[in-house]
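Protein chains: 2
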Amino acid sequence: MIQWNSFYAARAQGDYQNLVSTLADSIVQMAGGFPDERVFPGAEALEAMQSLYEQAGPALMQYAGPIGYEPLRQWVAERAGGSTALSADHVLLTHGAQQGIDLIARMLLDPGDTVIVEAPTFHGALWVFQSHGARILSVPLEQDGMDVSCLKQMLADLARTNQLPKFIYTIPTFHNPTGYTTSLERRVAMLEICSTFGVPIVEDLPYSDIWYDAPPLPSYLELSDHSVSVIQLGTFSKTLCPAFRVGWMIGDESFIAKTIHFKHISDTCSSLLMQRTAHELCSNGFLERNVSKARNLYRQKRDALMEALARHPIEGASCSRPGGGFFAWLTLPAGMSATVLKKHALEAGVAVAASPMFYEEEGRDHACRITFSCPQAAEIETGVGRLATAMNRLIQQI
Amino acid sequence: MIQWNSFYAARAQGDYQNLVSTLADSIVQMAGGFPDERVFPGAEALEAMQSLYEQAGPALMQYAGPIGYEPLRQWVAERAGGSTALSADHVLLTHGAQQGIDLIARMLLDPGDTVIVEAPTFHGALWVFQSHGARILSVPLEQDGMDVSCLKQMLADLARTNQLPKFIYTIPTFHNPTGYTTSLERRVAMLEICSTFGVPIVEDLPYSDIWYDAPPLPSYLELSDHSVSVIQLGTFSKTLCPAFRVGWMIGDESFIAKTIHFKHISDTCSSLLMQRTAHELCSNGFLERNVSKARNLYRQKRDALMEALARHPIEGASCSRPGGGFFAWLTLPAGMSATVLKKHALEAGVAVAASPMFYEEEGRDHACRITFSCPQAAEIETGVGRLATAMNRLIQQI
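Those protein sequence lines, which keep their order, are chains A and B.
Note that the first sequence covers residues 2 to 399 in my numbering.
Note that the second sequence covers residues 2 to 399 in my numbering.
Keep in mind that a hint or two might mislead.
To be verified - So the derived list for chain B, only partly shown, Cβ under 10 Å to chain A, looks like this:
| no. | residue |
| --- | --- |
| 1 | Ile3 |
| 2 | Gln131 |
| 3 | Ser184 |
Said to hold, decoys possible - These stretches of chain B come out as covered by chain A in the derived footprint (C-beta under 8 Å, 3 or more residues):
| no. | segment |
| --- | --- |
| 4 | 5 to 11 |
| 5 | 32 to 43 |
| 6 | 48 to 57 |
| 7 | 110 to 116 |
| 8 | 146 to 153 |
| 9 | 236 to 250 |
| 10 | 313 to 326 |
These are computed hints drawn from the structure, not numbers from a lab.
The model shown is predicted, which means the values in this text are computed figures rather than measured ones.
C-beta atoms are modelled at their ideal positions from N, C-alpha and C, and glycine is treated no differently.
The whole structure should be built from the sequences, with the hints applied where relevant.
This is the structure in C-alpha cells:
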C-alpha cells in the first residue's frame, strides 16, 4: 500500500481540520454560519419543481451549459443594477459563492501572486488563496471598512517593487466574521485608490439582502463607473436555501467568457433543475416575500443577541452591532485567548468560532465570531449566558 | 477599465473553446455525451423529494458536510465491493465525476509533476491536468487496453530520473472516447507494473453500469488487493440523471479525509437534497430497475449504430464495437482530417467530435468520437448516412 504522504501536492501538505462537526443537541450552535431553516422554500420549492417538470419534462434533469441557465443569469444581471447596463453575458452561475471565490483564484492567481484581504476575513476565501500559493497581505478592517491609508501605503510600496496585487478581496456589507459594513465614504476612497493603482476589486456579497436597519449601501459594482474592474459574488444560500447550491459571479464579459472553461473543468456544470427552481422562485414573487420574512426573523435574532449581551456584561469585552447578515464580532478582554475560550464555552454548552481562523497572520487570538442566524431567540439568550459564564471564569485566570 | 489579459494566471492564458453549443434541431447530436432523457427519474425523483420532505422537513435544504450524506456513502462503499471491506469513510461524494478528477489533481499535482494518461483519453481530465501545469505523458490505448510494454518502459525511464508519475489516469471500462474495454489480462499486468513502480491508479468508471453484452470486468479497486493504491470515480449522471450532480470518489481513508478540505474550498458542499434524493432512488429499488432499462435502451442504440455503419461502409474507415457506454471510435481513411470532416459533417447535418481534443500531443487528427447515447435509433441511421456522405465527398479530395 502506498504511503500517500509522499504523493501529496504542496498545497495538500497541511494538516487540515474538518470544521464541520455535528454538535450535540444540548449545545447552542453559534459557530457555523447556518441559515435558519424556517426561511427555506420547502413546499414552495417542491411545487416549483413539479410545475417546471410539467412544462419541461425530463429535459429539466439533463446536463446544462457550464455558464448556467440564461433566464436566471438575466435576472441576476437586472437585479445587480449599477451604472453599467448588465446583461446575462456578465453573469456566470456558480455552485454557491464559495465556488465563485475558487474560480476567481483559478483565473487570476499564479503561485507567489499577491492578494490583499481584510483582517479579519472569511476563512473560506483565505483557504482558497492559500491553496493557490498566493502571497496574502492583510489590511486592518475597522468598523467602517478597510484602513484606507494603510491600503494606500501598502499599494504604493508594492507598486515600487512591481508586486501589485491581482485583486483586493472584500466583504463590504455585513462582513463575515465581524458584521461590519464599509461606509460610503470608504467605498469611494477604496475605488479611488484602486483606480489609481489599477487593481480590481472582488466584492463578496452573500449577506447584502439580509439587512435590518436600512437598505445596504451601493455595491462597488454599482459605484465603480468603469474606472475599476469589479467582480461581484452572490448566492441564494441565505435568501432561499443552501441545498440549491446556486450562486453567481458578475464581471466583465471577457472575464466571464473565460471563466466558463474553469467552471467546466471544476464540475462540468451545475444542476439545471436547481437553477430553474431558483429562477421560478425569483419570478413568481416568492423570493421577495421570503427576503422580507428573513429580514424580520434575523433582525429579531440580532436584537436578541444585543439584549442578551447587555444582560450579561463582561468587563473589557465589546461586541459589534451588525446592520445585517449573520455574524457579530466579540472582542475579548485583554489577555483572554479566544482559542481557550472556545473550548471552555463548548464545555459550558455553546459553540463559537475563535478569531485565528479568520486571519492570515498568526496569533490573532483576541476575538470570537458569534453567529446568531441559526439558534432561536431563547437559545441565543442561553448561549450568551453560557458564554458569559465561561468568560467570567477565564477572567479570574488572566 | 482594466485590461484583464495582463491579470490572468498562466493556466488562464489559453484561448478556450466553449464546447457546449446549442445545435439546431435539424442536426443529429453525436458529439456531446448526453444521456437519453427517457432514462431520467422524472416523476420518481419528485416523489422521492416529496417523501423525504415529509420525513425530514426543511432540514433537507440545509448545508451538508463537505464529505456528503453518510448513508449514500455507505451505499456506494457496499456496491463497489472488492477484496477490501469498504466503509463510508472510504467515500467522498462529489459534484459529478468531473469534480472527482479536479479534487484528485488538487490533492496530488504540483506544477511539473508527471501524470500518465491513455492516448486518446477524456478531454475533461486532460484539461484539469493541464490547468495544474502537469507534465502529461500518453501511452497508446489499444482495443484491449493500454500498451503495457510501452507503459513499463516509460515507467522504467521515469524511475531512472526520479520522475515517476503521481498517478496513471485510466478509463478501463467502456472508455471515453473509444468505447474500448481493458481486458482482464491487461488489468492484471497494469496492477503488477504499478505495484513494481509504486504508482497509484486513478480509475474513472462513469459508464461501467451501462453494459450491453456481458457484465463489466472487475475494477482495479476490486482487483488491487492492497498492493496498489486505487482511487475510483463514479457518478449517477448516467444511471439516474446529470441534474442531481452526484458522483463519488473511493479511496484510502487517509486520502479521503484530506480531500474533504479541497471539497470544502471548491464549493463548501454539494446539495443534501440531491444526495438524499439519489439515495432514496438507490434504496427503493428504482436505480436497479432504471439501470436495466438504460442497458436495453442504449444497447439498441449501439446496435443501431453498428447496423447503420454496415449499411454505409466507407473504404479505409473502421469503427469500434463498444460493449457498453456511450461512445464508438471511428478511425478515418488514411489522409482524412477529422477536423475537416467535423465541419463538413455539421454542414451535412450531423455533429461528431474530432480526435485532437482527446490527445495531449498535437496532430492526432485521424478519428472521430461518435456518441450514440443521445439520438434515437432512426436519428442514428440518419446521422451515420450524413456522416458517410461527408466522408465520401472528402475521400474524393484526398
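Structure-based check of each hint:
{"no.": "1", "hint": "Ile3", "result": "holds (4 Å)"}
{"no.": "2", "hint": "Gln131", "result": "holds (9 Å)"}
{"no.": "3", "hint": "Ser184", "result": "violated (25 Å)"}
{"no.": "4", "hint": "5 to 11", "result": "holds (count 5)"}
{"no.": "5", "hint": "32 to 43", "result": "holds (count 8)"}
{"no.": "6", "hint": "48 to 57", "result": "holds (count 3)"}
{"no.": "7", "hint": "110 to 116", "result": "holds (count 4)"}
{"no.": "8", "hint": "146 to 153", "result": "violated (count 0)"}
{"no.": "9", "hint": "236 to 250", "result": "holds (count 6)"}
{"no.": "10", "hint": "313 to 326", "result": "violated (count 0)"}
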